[in-house]
Amino acid sequence: MSKGAFFGGVHPSYNKDMASGQAVIEMPLPKELIVYFSQNLGAPSNPVVKKGDEVKKGQVIGESGGFVSTPVHAPTSGVVKTVENRPSPVGADMIAAVIVPDGLDEWVEGCNVERGSTGLNREKIKGLIHDGGIVGMGGATFPTHVKLSPPPDKKMDTLIINGAECEPYLTADHRVMLEDAESVLDGAALFAGVIDVKNIVIAIEKNKPDAIITMQRAIAGRSGFTVAEMDVIYPQGAEKQLIYAITGRKVPAGGLPMDVGVLVQNVGTAAAAYEMIRYNRPLIQRVVTVTGSGIKHPKNVLARVGTKFSDLIEFCGGVHGDTAKLINGGPMMGIAQHSLDAGMTKGTSGLVLLREDEVGQFVSDPCIRCGNCLDVCPMTLNPSALSIFIERMRFDDAEEYNLMDCIECGCCAYVCPSKRPMVHHFRRAKAEIRNKAKKAG
Amino acid sequence: MLSAMLNAIYVLAALALVASFGLAIAARIFAVETDPRIERVEEALPGVNCGACGFPGCSGLAKAIVEEKAGVADCPVGGENTASAVAEIMGLSFAGGGEKMVAMVLCRGDDEVASKRFYYNGVSDCSSAALIFGGDKSCSYGCLGLGTCAGACPFGAIEMLPSGLALIDPEKCTGCTKCVDSCPKGIIKMVPASRTVHILCSSHDKGGVARKACKTACIGCQKCVKAVPEGAIVMDNFLAVINYDMEIPEEVADECPMNTIVVRRQGDLAATSVDMQTAVGGDA
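Protein chains in written order, with our numbering: chain A, 1 to 441; chain B, 1001 to 1284.
In case anyone wonders, no lab produced these hints; they're calculated from the structure.
Careful, some of the hints might be misleading.
[Unchecked claim] In silico BS3-like links for lysine-lysine, alpha-carbon gap of 25 Å or less:
| hint | chain 1 | residue 1 | chain 2 | residue 2 |
| --- | --- | --- | --- | --- |
| 1 | A | K50 | B | K1116 |
| 2 | B | K1189 | A | K51 |
| 3 | B | K1226 | B | K1206 |
| 4 | B | K1116 | A | K438 |
| 5 | A | K31 | A | K126 |
| 6 | B | K1226 | B | K1215 |
| 7 | A | K56 | A | K250 |
| 8 | B | K1116 | A | K325 |
| 9 | B | K1215 | A | K439 |
| 10 | B | K1116 | B | K1212 |
| 11 | A | K31 | A | K56 |
| 12 | A | K439 | B | K1189 |
| 13 | B | K1116 | B | K1189 |
| 14 | B | K1212 | A | K81 |
| 15 | A | K81 | A | K31 |
| 16 | A | K325 | A | K419 |
| 17 | A | K154 | A | K198 |
| 18 | A | K81 | B | K1206 |
| 19 | A | K436 | B | K1223 |
| 20 | B | K1215 | B | K1172 |
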């Protein structure tokens, strides 16, 4: 089964071979971990530990702050050094627990215990996925249990396990599929059971032929599974684009995948959910790709949530002298970092380090109306007009031009000959529009 | 030839005559009653359509005043003169309002004294910059200096100093509060125009953190609090804040070890501007 076409998209240099051949290596425990209490999209969790508390691996340190929220667990056993605001990799400072590991790495009672399949009904599985702090590990960190709770009037028929990994440089999902295919499929089967679908599609871009073969072998003997070989185009892994490419269905503007009967979950999320259901291990570690020409030894690292960027970089042999930029995530959607003291989160799929000659400094010129951005926008928006509206502070007009449907993939900025910081404009305007809506009640 | 021209002229003249009668009648029948005071009030208002009153432009406010949905002193820009002129039209008395308020940027941490955490090369706008780790300044409360407030000011009262700081001219400031709303850091505050002593810092960071980020930050030492009558300067979470209801002696500025407290007399903005740059070693 070969699938591909959605409208638009770009072909950036993928540069995945730097790390794709590197087997996942578990990183030894660092000296301290910075665990943010906001590890998911939605409400942050509420801290339930304080300075000086002893914690065990897997112990809940932050309780769920609402329905669209997940608990946060201690990634290892140790002592809480402090609970305070720390620089975060995604924006402003966030409240975090700084945990000093005691080196014993002892599980809290009840965790890391194999669970039988008896008594595992849908609600129980959903509850466990929430309790395990499972969030979308493709980067958006949307709480998984919420995605698994479609209203009863939505008829679900397809589950897509997203292994497209269209973001350049990153190879974390690729390695998970190669090395942990069974967990991914078992996790997928659990998701399918919860939402009661029979059709499970594993979507992989064609630039990962080894992952396609591995998955094809792994699904042999399982019913309902297919592997879809996706065309190599960015943003193939974006939820709405992937759904269209595979099923031909369009998620309506402002809608969710469940509106067209589809659930999309990242491969890492599926594996993490399986770990939780089968072994009662909450989400406290993940595979991170540390790559780019700036790092001495690009690696795929299995690291604890909260591992500081500086520790990850050190584990990968440090940086070359002229390294100029560190990006949390991939180069298309990631955020450039200013501090190595931030800790990785459940959504940190990779760190990309770039050298000076790869980092451009641009001056934003006026829009020349060439229309390149209209050709590549996978949401068929008009980025050119949007950016001009926003420059003139006409946020109402931008909203009318469906700004809120922008998925911030960055294709428009990638092709813009005037080097306009399109996504930055859009994020700013979205924030303004949301604030206005909040003020209006 | 001539007759053809004349014919055309006659026809058009006749049409014009008919149309004008038609319009005259329509104007009588469909006349909309408007209060003549609306126009007079609108003329009395400043006419800049800044929207600071919350109504759509000066005509919107004029209509609201005449319909008694707004008060005669509701134009924050016009001041007492406008208010009394409007009151006269409305046949009301205007007793004189409160003191004139002007906007002030409570930060003097320009590029010379305040350090930066990273190099920002994004959209040149404070709201955009604030989305990325809260901006490039080490001090998370500091003026980002990209001029969003200057763009929002309808009166050209805000100057962006080359050193990366917004400076508001109290002479030009009309107190419309547009800049107050535009600042993503929320560090522009309204102060009484007659007052001279100001604390130009908004940082609630603890002393050590604040000092590291900016050489003119309030470090919460409380020297000023002790030098003035009780309650004239109060501590709010490591930041000294002036209580403008009380008189404050100008000498208190000498007490401040960080030069955070400034004295700005009316009319010496230009001097202050130069003074600020020389004081911090800039190229005035």
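query: Which hints, by number, does the structure contradict?
result: Numbers 1, 2, 4, 5, 7, 9, 19 and 20, in rising order.
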